[in-house]
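S.K.: Here's the letter readout for the chains.
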Amino acid sequence: MQRIINDPNAVVDEMLKGFVKCHSDLVAPTNNPRVLKWKKAPVAGKVGIVTGGGSGHKPAFIGYIGRNMVDAVAAGEIFSSPSAKAFYDAFKAADGGAGVACLFGNYAGDRMNVKMAIEMAEDDGLTVKTVVANDDVPSAPKEELEKRRGVAGEVLMWKIGGAKAALGGNLDAVIAAAQKAIDNTRSIGIGLTPCTIPAVGHPNFTIAERKMEVGIGHHGEPGIEVTDLKTADEMAAMMLDVILPDLPFAGKDEVVVLVSGLGATPVMELYILYQRVAEILDAKKINIYRSYVGNYFTSLEMMGVTLTVMKLDAELKALVDLEANSMGFKQFEE
Amino acid sequence: MQFFLNQNGTAVVEAIIETIQANAKYLSEIDGAIGDGDHGINMNKGVTLCKKELASRETGLADALKILSRILMMEIGGAMGPLYGTFFKAMSKACQDKERIDAGVFHEMLRAALAGVQDIGGAQVGDKTMLDTLVPAVEAYEAALQDGQDFSAALKSMQAAAAEGKESTKSLVAKVGRASRLGERSKGNLDPGATSCYLILNSAADAIVALIE
Numbered sequence: 000m001q002r003i004i005n006d007p008n009a010v011v012d013e014m015l016k017g018f019v020k021c022h023s024d025l026v027a028p029t030n031n032p033r034v035l036k037w038k039k040a041p042v043a044g045k046v047g048i049v050t051g052g053g054s055g056h057k058p059a060f061i062g063y064i065g066r067n068m069v070d071a072v073a074a075g076e077i078f079s080s081p082s083a084k085a086f087y088d089a090f091k092a093a094d095g096g097a098g099v100a101c102l103f104g105n106y107a108g109d110r111m112n113v114k115m116a117i118e119m120a121e122d123d124g125l126t127v128k129t130v131v132a133n134d135d136v137p138s139a140p141k142e143e144l145e146k147r148r149g150v151a152g153e154v155l156m157w158k159i160g161g162a163k164a165a166l167g168g169n170l171d172a173v174i175a176a177a178q179k180a181i182d183n184t185r186s187i188g189i190g191l192t193p194c195t196i197p198a199v200g201h202p203n204f205t206i207a208e209r210k211m212e213v214g215i216g217h218h219g220e221p222g223i224e225v226t227d228l229k230t231a232d233e234m235a236a237m238m239l240d241v242i243l244p245d246l247p248f249a250g251k252d253e254v255v256v257l258v259s260g261l262g263a264t265p266v267m268e269l270y271i272l273y274q275r276v277a278e279i280l281d282a283k284k285i286n287i288y289r290s291y292v293g294n295y296f297t298s299l300e301m302m303g304v305t306l307t308v309m310k311l312d313a314e315l316k317a318l319v320d321l322e323a324n325s326m327g328f329k330q331f332e333e
Numbered sequence: 000m001q002f003f004l005n006q007n008g009t010a011v012v013e014a015i016i017e018t019i020q021a022n023a024k025y026l027s028e029i030d031g032a033i034g035d036g037d038h039g040i041n042m043n044k045g046v047t048l049c050k051k052e053l054a055s056r057e058t059g060l061a062d063a064l065k066i067l068s069r070i071l072m073m074e075i076g077g078a079m080g081p082l083y084g085t086f087f088k089a090m091s092k093a094c095q096d097k098e099r100i101d102a103g104v105f106h107e108m109l110r111a112a113l114a115g116v117q118d119i120g121g122a123q124v125g126d127k128t129m130l131d132t133l134v135p136a137v138e139a140y141e142a143a144l145q146d147g148q149d150f151s152a153a154l155k156s157m158q159a160a161a162a163e164g165k166e167s168t169k170s171l172v173a174k175v176g177r178a179s180r181l182g183e184r185s186k187g188n189l190d191p192g193a194t195s196c197y198l199i200l201n202s203a204a205d206a207i208v209a210l211i212e
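First to last, the protein sequences are chains A and B.
Residue numbering for the first sequence follows numbering that gives the first Met the number 0, starting at 0 and increasing by one per position.
Residue numbering for the second sequence follows numbering that gives the first Met the number 0, starting at 0 and increasing by one per position.
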């Protein structure tokens, strides 16, 4: 294991400390060492945006704390849900009196801990509503949408939900916008190498040399097939072949495209893939309204990529256009 | 009539802690085959925190279970934090005002734990989860009591059924939780939750038998 760490069991706590020191203009610590908040949170009268999940996905989740984005985040162990207490403390840190929107991914642990945290918050008279991201197409068939897991599409859900809250939307409006965002978003991943949880010390799955796993999850969950390693152009076509028919996306649609590395793939290669994605969409007369390419939602040191496409309407367009300032997502008008 | 005193029952929780600590690596290994390999790490972290807290004060069975549940729920997270947190909380509640823990009280504790886990987890027997151990274990315990067997004999029936239930997960396809993403490929591996549930029930039963004899 070639890693820049101290104690493998302390990686999350040490990372959080470093993050707070580096980004003190954006984030602030809270009384709970596993909860970080936007420096200006809570904002009186604004719906608080909360997310959380297992660590190891940088910039997710704490990297999306900031202006017009997420107000507070609960951070779990590597690939393991934060505790109910951490979610509850994040709700409290984000609560500006207008309720809290908890926008998180569809994983059993997160669901249970959020559920328990909401019960705790209700005892305090705090209203929390949720949107559960399920954008990963290969993780379950379309008839079982509710079983699909949340992957990089979560970034767009936070962007939209964060923008709606910043523009003064009430809790129901924020939840509706975030739900609309994820309902119109589809993702797929391809993995080229496994990843290693430092405290475990060895990869917990394998991908053979010159092979790739199509549909891999953010924690190495197996995908739909293992094939020979393809070219970037072939990967782009394979990924679009899975996600475009699923919504389905059609000609004249306006979309946001998000290409994220899984941690160890050079950003250069993400642009190689993106250029073919853009060509194929162009040929299908699907109009790219905005694109984001980079490491947005990673999986430790896994090599690979996720492709996310979100279909826009007028409301989503306006919300995706809003400025944002967080470590992982910055957008300013020229 | 076999029983032990609630105030002497901390030993049961200590036995659970020891078995999880001893099997932490094994649990992570089997979790690595179909999950993300952290089950043993997280459970070990929870029980080790609990051990420290138990060492700092006098408890009985109900208090010790409550401390364990609170740590798992509040500090551990993952899927197992809420599941085992609920499991031990329900057990603690079911015995908190009982001076003596006899076969009937322990039956109520098992029933409450099962109901709690079913409520929060939403899984069924056959889904390849801890319920594949817990449900047959509780049923075997009940059947033994109805059969007129005493506390320690019923616990032995529970242990045997728990072991069998755990082994049954090897041939099952996971339907819920992270391993369900593997579909058919989850077959051939033990479920980590079913395995830790077996270890917990088995060590608790051994500790209770030692207390009542």
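Worth flagging that the hints you see were computed from the coordinates, not collected in a lab.
Cβ coordinates follow ideal geometry from the N, Cα and C atoms, glycine included.
Heads up, some of the hints might be wrong.
Dumping the calculated BS3-like pairs for lysine-lysine here, alpha-carbon to alpha-carbon at most 25 Å [as the list claims (entries may be wrong)]:
{"hint": "1", "chain 1": "A", "residue 1": "Lys114", "chain 2": "B", "residue 2": "Lys174"}
{"hint": "2", "chain 1": "A", "residue 1": "Lys251", "chain 2": "A", "residue 2": "Lys229"}
{"hint": "3", "chain 1": "B", "residue 1": "Lys92", "chain 2": "A", "residue 2": "Lys141"}
Negatives, chain A to chain B, calculated, CB over 12 Å [said to hold, decoys possible]:
{"hint": "4", "residue": "Lys57"}
{"hint": "5", "residue": "Gly96"}
{"hint": "6", "residue": "Asp109"}
{"hint": "7", "residue": "Val199"}
{"hint": "8", "residue": "Ile223"}
{"hint": "9", "residue": "Leu228"}
{"hint": "10", "residue": "Asp232"}
{"hint": "11", "residue": "Ala236"}
{"hint": "12", "residue": "Arg275"}
{"hint": "13", "residue": "Val319"}
{"hint": "14", "residue": "Gln330"}
Sample of chain B residues facing chain A (criterion: CB under 7 Å; computed from the structure) [as the list claims (entries may be wrong)]:
{"hint": "15", "residue": "Gly36"}
{"hint": "16", "residue": "Asp37"}
{"hint": "17", "residue": "Met72"}
{"hint": "18", "residue": "Gly76"}
{"hint": "19", "residue": "Ala78"}
{"hint": "20", "residue": "Gly80"}
{"hint": "21", "residue": "Val104"}
{"hint": "22", "residue": "Glu107"}
{"hint": "23", "residue": "Ala142"}
{"hint": "24", "residue": "Gly176"}
{"hint": "25", "residue": "Val208"}
{"hint": "26", "residue": "Ala209"}
S.K.: Against this structure, judge whether each hint is valid.
M.R.: Hints, verified against the model:
1. Lys114/A x Lys174/B: holds (21 Å)
2. Lys251/A x Lys229/A: violated (29 Å)
3. Lys92/B x Lys141/A: violated (42 Å)
4. Lys57: holds (17 Å)
5. Gly96: holds (26 Å)
6. Asp109: Aspartate 109/A is in fact no farther than 12 Å from some Cβ atom of chain B, at 9 Å.
7. Val199: violated (5 Å)
8. Ile223: violated (10 Å)
9. Leu228: Holds: least Cβ distance 21 Å, greater than 12 Å.
10. Asp232: holds (28 Å)
11. Ala236: Holds, since 24 Å exceeds 12 Å.
12. Arg275: holds (28 Å)
13. Val319: At roughly 29 Å from the nearest Cβ of chain B, valine 319/A sits farther out than 12 Å, so the non-interface label holds.
14. Gln330: holds (31 Å)
15. Gly36: Result: holds, 4 Å to nearest chain A Cβ.
16. Asp37: Hint on aspartate 37/B: holds, closest Cβ of chain A at ~5 Å, below 7 Å.
17. Met72: holds (6 Å)
18. Gly76: holds (4 Å)
19. Ala78: holds (4 Å)
20. Gly80: holds (6 Å)
21. Val104: Where the cut-off is 7 Å and the nearest Cβ of chain A is about 26 Å from valine 104/B, the hint is violated.
22. Glu107: violated (23 Å)
23. Ala142: violated (30 Å)
24. Gly176: Result: holds, 5 Å to nearest chain A Cβ.
25. Val208: Not OK, violated: valine 208/B not within 7 Å of chain A, min 33 Å.
26. Ala209: violated (33 Å)
Violation of the numbered hints given earlier is confined to hints 2, 3, 6, 7, 8, 21, 22, 23, 25, 26; the remaining hints are satisfied by the structure.
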